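Participant: Read off the chains here:
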Amino acid sequence: MFLNLSAATLGIALMIAVPGLAHAESVPEDAPPPAPYAKVSELVPLPDFLPGLGTLFVDPATLPAGPFLGYDRDGKLAATIFMTPIEDLQGGTSYNDLAVGSNEVSSVDIYYNAGHPGVDKPHAHFVLFHGADAKSRVAE
Amino acid sequence: MPNRRQVLAVGGAGVAALVGPSLVLAGTVAEIGMQGTSRGEHVWFTPVGLAVAAGTTLRFVNLDPGNSHTSTCYHPSLFDRPQRIPTGAAPWDSDFLLPGDSFEVLLTVPGVYDFYCLPHEHAGMVGRIVVGRPGDEGWHGAATEASDLPAVALDGFPSVEAILQTGRVMPPGRP
Numbered sequence: 001m002f003l004n005l006s007a008a009t010l011g012i013a014l015m016i017a018v019p020g021l022a023h024a025e026s027v028p029e030d031a032p033p034p035a036p037y038a039k040v041s042e043l044v045p046l047p048d049f050l051p052g053l054g055t056l057f058v059d060p061a062t063l064p065a066g067p068f069l070g071y072d073r074d075g076k077l078a079a080t081i082f083m084t085p086i087e088d089l090q091g092g093t094s095y096n097d098l099a100v101g102s103n104e105v106s107s108v109d110i111y112y113n114a115g116h117p118g119v120d121k122p123h124a125h126f127v128l129f130h131g132a133d134a135k136s137r138v139a140e
Numbered sequence: 141m142p143n144r145r146q147v148l149a150v151g152g153a154g155v156a157a158l159v160g161p162s163l164v165l166a167g168t169v170a171e172i173g174m175q176g177t178s179r180g181e182h183v184w185f186t187p188v189g190l191a192v193a194a195g196t197t198l199r200f201v202n203l204d205p206g207n208s209h210t211s212t213c214y215h216p217s218l219f220d221r222p223q224r225i226p227t228g229a230a231p232w233d234s235d236f237l238l239p240g241d242s243f244e245v246l247l248t249v250p251g252v253y254d255f256y257c258l259p260h261e262h263a264g265m266v267g268r269i270v271v272g273r274p275g276d277e278g279w280h281g282a283a284t285e286a287s288d289l290p291a292v293a294l295d296g297f298p299s300v301e302a303i304l305q306t307g308r309v310m311p312p313g314r315p
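Residue numbers (the working numbering), protein chains in the order written: chain A, 1 to 140; chain B, 141 to 315.
In short, the hints are calculated from the structure, not lab data. Do not rely on the hints blindly, as some may be mistaken.
If you want the footprint, here are the derived chain A segments under chain B, 3+ residues with CB under 8 Å [claimed, not checked]:
| id | stretch |
| --- | --- |
| 1 | 40-48 |
| 2 | 115-127 |
Derived pair list, reagent style SDA-like, types lysine to any residue, alpha-carbon separation capped at 20 Å [to be verified]:
| id | chain 1 | residue 1 | chain 2 | residue 2 |
| --- | --- | --- | --- | --- |
| 3 | A | Lys-135 | B | Leu-238 |
| 4 | A | Lys-121 | B | Phe-219 |
| 5 | A | Lys-76 | A | Lys-121 |
| 6 | A | Lys-76 | A | Pro-117 |
| 7 | A | Lys-121 | B | Ala-291 |
| 8 | A | Lys-39 | B | Pro-239 |
| 9 | A | Lys-135 | A | Gly-91 |
| 10 | A | Lys-135 | B | Pro-205 |
| 11 | A | Lys-121 | A | Ser-41 |
| 12 | A | Lys-121 | B | His-182 |
| 13 | A | Lys-39 | A | Pro-117 |
| 14 | A | Lys-39 | A | Asp-74 |
| 15 | A | Lys-121 | B | Met-310 |
| 16 | A | Lys-121 | B | Pro-290 |
| 17 | A | Lys-121 | B | Leu-238 |
Being a predicted model, the structure only gives us computed values, none of them experimental. We put the beta carbon where it would ideally sit given N, CA and C, even for glycine.
One chain only, chain B, in its complex shape (with noise of 0.2 Å):
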């Protein structure tokens, strides 16, 4: 099956920075996978949660032979939903994913990206990307207002605490 590539830049001029030992480098690709166990009882993005320089180049890939998926940022402009990314960052979608497929996304803004597979945020299939670190110029910290979120959304979200710290967070039980 054929991959379906696209790059979307996300945002204005951005500043490649090195800020920590686990970050993911300016100007390299990260993959965050999607995944779900083969009956569908599970499904999740993995990590969960990742910290990156601004000029990273995010890489979603559909893992899931069973099922597809979607990386869908919050914004007003897509679904209507809240705004959960950095004001002045461009939101994205990859549409549907088959397996096999990937999406590819450029972030440059600094600050707490969240987002969702369409089908899946009812099963809290959600993500955080930290890019950059707090008072970095241009920071836009997390979203607060739990808006019209599901509760297993909002509980899927690692804390920018946990992802700073670590660099990436894997979904809970899952290695």
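For reference, chain A alone in the conformation it holds in the complex (with noise of 0.2 Å):
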């Protein structure tokens, strides 16, 4: 099921999970995921799975910030993930009530990535992994 999650919480959100918080989307743990969800590299040139994050669809009208779904070479729902530019941050924008994929969060990545197709502007990945082995199955 899909969540809803303020900035504020999020923190607190990860470490417990939040059914209350459930969105009337849902997202299917096998690929793809429905419309308006679109398959990152047909919609940019990038590879079809990117190692670290997986297989990524996101909807466009949610871009830069996301939520992208990442899933596994096996097609499982592994990861989601939120790219949000420094400049923007620095700038004062903020990114509220953002969605996640799943309601099994087993931990979080927060790096900074120099940019790629789609998100050219340097950015910080926030990486929430669904499931103690989801990271290993998007590694390469």
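Work from the hints to combine the two standalone chains into their complex.
Facilitator: Structural data, given as structure tokens:
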């Protein structure tokens, strides 16, 4: 199920399940997710599978932040990723009430990315892994 | 994944010349890799500076498994950027290269060629090729105007002297 999380509550929400925030939409565990999600590699010139993130799908209307849904090579949902341009954050832009692909978040990685087609500006990746083995499933 | 190979002849008549012990010889192919860290924190061309003889083919290869890159020279005809290649040389743009893809360009006009990666200029992913040496007929030196280039890009160009002295300059901190 989709969850809506405010940025302020994200840290707490990542540690506990919050079924009360369930969204009416749902994200299937198996790829591909339904429209308006589209495969990122069909929207911009990027590889189908990105090591560390998986095969990404996004609703183009939510760019640049996402959520991007990352599926492993077997087509199983492994991660939800947000991409937030540093310049925009510095300018006061905030990204609130972002949805996530699953209410099971086992760990989160946050790191800098210099940019890529689709999100050209230097930005931060917030990677929410769904399951203890999710990270290894999209590692390569 | 099939490689995309394109060849573009840049410039008119060129003179093949051996001008230094580490210079890539005319008629040969020199390779410039496009690389990045696994999470994309850093991206770069390697080498970032290269000296070649006129008539050398440059092959740009995307060695980055998690990103796409371009080799795009600075020229008004390409995204309205300032000219930083010799007068008379034809501009090139590889378009996006996926991992494993490559692009070739033949350089024949002596001078300094500055190029960048379209989505990564603001991350400092730029490079410089020196064709021939100062004094060669038709030589066009390095651009001196900053124009619209971001500071991180301007800081990324090795000096012509450093390139000519060693033949190739690797990006800082990279082997």
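Participant: Compare the structure with each hint and give your call.
Facilitator: So, going through the hints one by one against the coordinates:
Counting residues of the stretch 40-48 of chain A whose C-beta lies closer than 8 Å to any C-beta of chain B gives 3; at least three are required, and the coverage claim holds. With a threshold of 8 Å between beta carbons, the proposed coverage of the stretch 115-127 of chain A by chain B holds, since 7 of its residues qualify and at least three are required. Between Lys-135(A) and Leu-238(B) the alpha-carbon distance is near 24 Å, which puts this suggested pair outside the 20 Å criterion. Only pairs whose Cα atoms come within 20 Å are accepted, and Lys-121(A) paired with Phe-219(B) is accepted, the gap being roughly 17 Å.
Among the hinted pairs, Lys-76(A) with Lys-121(A) is inconsistent with the structure: their alpha-carbon atoms are about 29 Å apart, more than 20 Å. At roughly 24 Å between alpha-carbon atoms, Lys-76(A) and Pro-117(A) are farther apart than 20 Å, so this suggested pair is violated. Pair hint Lys-121(A) plus Ala-291(B) holds up; C-alpha atoms about 15 Å apart against a cutoff of 20 Å. Distance check on the hinted pair: Lys-39(A) and Pro-239(B) sit about 18 Å apart at the alpha-carbon level, within 20 Å; holds.
At roughly 32 Å between alpha-carbon atoms, Lys-135(A) and Gly-91(A) are farther apart than 20 Å, so this suggested pair is violated. At most 20 Å may separate the alpha-carbon atoms for a hinted pair to count; Lys-135(A) and Pro-205(B) meet this at roughly 17 Å. With a C-alpha separation of about 18 Å, the suggested pairing of Lys-121(A) with Ser-41(A) holds against the 20 Å cut-off. As the CA atoms of Lys-121(A) and His-182(B) are separated by approximately 13 Å, the hinted pair is consistent with the 20 Å bound.
Taking the CA atoms of Lys-39(A) and Pro-117(A), the gap is about 13 Å. The hint holds against a cut of 20 Å. For the hint linking Lys-39(A) to Asp-74(A), the alpha-carbon distance of about 15 Å falls within 20 Å, and the restraint holds. Among the hinted pairs, Lys-121(A) with Met-310(B) is inconsistent with the structure: their alpha-carbon atoms are about 25 Å apart, more than 20 Å. Distance restraint check for Lys-121(A) and Pro-290(B): the Cα-Cα separation of roughly 13 Å lies within the 20 Å cut-off, and the hinted pair is therefore satisfied.
Taking the CA atoms of Lys-121(A) and Leu-238(B), the gap is about 19 Å. The hint holds against a cut of 20 Å.
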